[in-house]
Amino acid sequence: MSAISPVESEEHYAELTGADKITVVLFSAPWCGQCKLITPKLNKLAKEASDKVAYVKVDTTVLEDLAVDLGVSALPSVKIYSKGQVIGEYVGSKWEK
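Counting in full-length UniProt numbering, the sequence shown tops out at residue 97, every number present.
Don't read these hints as lab results, they were simulated from the structure. There may be inaccurate statements among the hints.
Pairwise CB distance ranges (calculated) [to be verified]:
no., residue 1, residue 2, range
1, Lys44, Asp69, 16 to 22 Å
2, Trp31, Gly71, 17 to 23 Å
3, Gly88, Lys44, 26 to 32 Å
4, Lys41, Glu11, 17 to 23 Å
5, Gly18, Tyr90, 28 to 34 Å
6, Ser73, Asp51, 16 to 22 Å
7, Trp31, Gly84, 19 to 25 Å
8, Gly71, Glu11, 29 to 35 Å
9, Trp31, Gln85, 28 to 34 Å
Cβ atoms here follow ideal geometry from the backbone N, Cα and C, with glycine treated the same way.
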């Protein structure tokens with residue numbers, strides 16, 4: 001079972017990223033092979049830090065307008081939020097082991 005929660009709407013996204021808890025957002029798509037590689041690594045991190053950090057996933061085929069509005073131009077992309085502000089970004093799937 002995934003510890004990464006799906007984002008259901010733009011309003012849901014705003015609610016999650018505006019929270020006091022740090023939120024890691026994965027932007028991905030079902031057809032994205034690199035996204036499939038990064039998801040298990042993020043899922044592991046999500047399980048280890050679930051009390052401190054929220055991990056969520058945006059399916060860009062469903063919420064395409066949101067991804068475009070946020071400047072997501074490559075997949076996978078990760079944005080890290082604290083209280084509504086982006087505090088980190090990562091594009092790609094090459095993670096350290």
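Tested hints:
no.	hint	verdict
1	Lys44 - Asp69: 16 to 22 Å	30 Å, violated
2	Trp31 - Gly71: 17 to 23 Å	21 Å, holds
3	Gly88 - Lys44: 26 to 32 Å	18 Å, violated
4	Lys41 - Glu11: 17 to 23 Å	28 Å, violated
5	Gly18 - Tyr90: 28 to 34 Å	20 Å, violated
6	Ser73 - Asp51: 16 to 22 Å	33 Å, violated
7	Trp31 - Gly84: 19 to 25 Å	30 Å, violated
8	Gly71 - Glu11: 29 to 35 Å	19 Å, violated
9	Trp31 - Gln85: 28 to 34 Å	31 Å, holds
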